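S.K.: Okay, so the sequence shown: first residue is 7 according to this note's numbering, each after it adds one.
No lab work stands behind these hints, which were simulated from the structure alone. Fair warning: this is a prediction, and the values are worked out from it, not measured in the lab. Even for Gly, the Cβ is constructed at its ideal location relative to N, Cα and C. Don't take each hint at face value.
What the hints assert, rightly or not - When the alpha-carbon atoms are kept at most 27 Å apart in a straight line, the in silico DSSO-like pairs for lysine-lysine are as follows:
#1 293 x 280
#2 66 x 77
#3 293 x 66
#4 269 x 293
#5 269 x 287
#6 59 x 77
To be verified - Computed beta-carbon distance windows for the label pairs:
#7 295 x 237: 33 to 43 Å
#8 66 x 274: 15 to 25 Å
#9 122 x 59: 31 to 41 Å
#10 271 x 227: 46 to 56 Å
#11 72 x 168: 21 to 31 Å
#12 237 x 209: 35 to 45 Å
#13 149 x 274: 14 to 24 Å
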Amino acid sequence: ADFVYLTIGANMDGSNFTRQMMYSVRPRTTFRIHSRVAFIPGTDYFLSVSLSKYGINRWKIGKNDSFTQLKVQGVGNSLEASDLLVVDRSKYALVTFATSTSIYLIDFLAMTETRTISGRAGMMALLSADPSLAQFVCASENQITKYSYLDGTAIATFRNDYIVTGMRNVNNTDFVIVATWEQVFVYSFAGSDTAAWVASPYFYATTGKQMPGGIRFDQSTGTMYFSGLGHVTSLTDTSSAYCHSSCTGCSIMLSESKCSSCKAPAALDNGACKISAENLKAPPGGKIDYATA
């Protein structure tokens, strides 16, 4: 909130949480603004965005006296951030602002705008079964649309039964975990046939546990976490219809660490079915080596 981002540290047993460092875009005020943070995997940098007036900011972890800022053109000054999504192994990030009819693709290495995508802004999730396709989904209220950020086109759209309150992708798949007020869905967004998307999604009802907050997903254990009003709810399931794409059968859905056996080109590595680097497709423009970028 309020343009301020904090790092919190704790003992190994999880006790004694303390504030370690504060990153501030501007002096604190009495206003409370909806902010988003996205870490750049494999680096010691993160992005933040709050009010459109103050743009998208790149920080180095442990350094709070300076930051790099990009102000998106054509956006009013008073729009709160809806979501911020880093495309792993690339130089790209996607950002949306509440009530906007555009989704913005930026280059977070050069801190420049790359493309404006026409569409209803909201929460986003990357589709990573084939990262070279440059596809993601964005939810605005109960409408979910699949896009390509490579050319900025909308591929297909449908309406969920309930308003979406959170989204989270499953790495190396086209599965997306979707939370609503009291329901959990898992959709496969492969292809462009919306009838196939909605034919038989995973569904779970959390009656009496409202979930207006975010989603976290522990890939190694297949555990979903949903933040709600006074609670954090965890969920795992043994549904074999939603095994990770690297699995041929599984004991826990969505986790490549719970496969019965591996599906080529994935191979067993430390108990998980993993795709080797040479078989893992790169995002558009090729894989970025952050160490030399």
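S.K.: Check each numbered hint against the structure and report the violated ones by number, ascending.
M.R.: 8, 9, 10, 11, 12, 13
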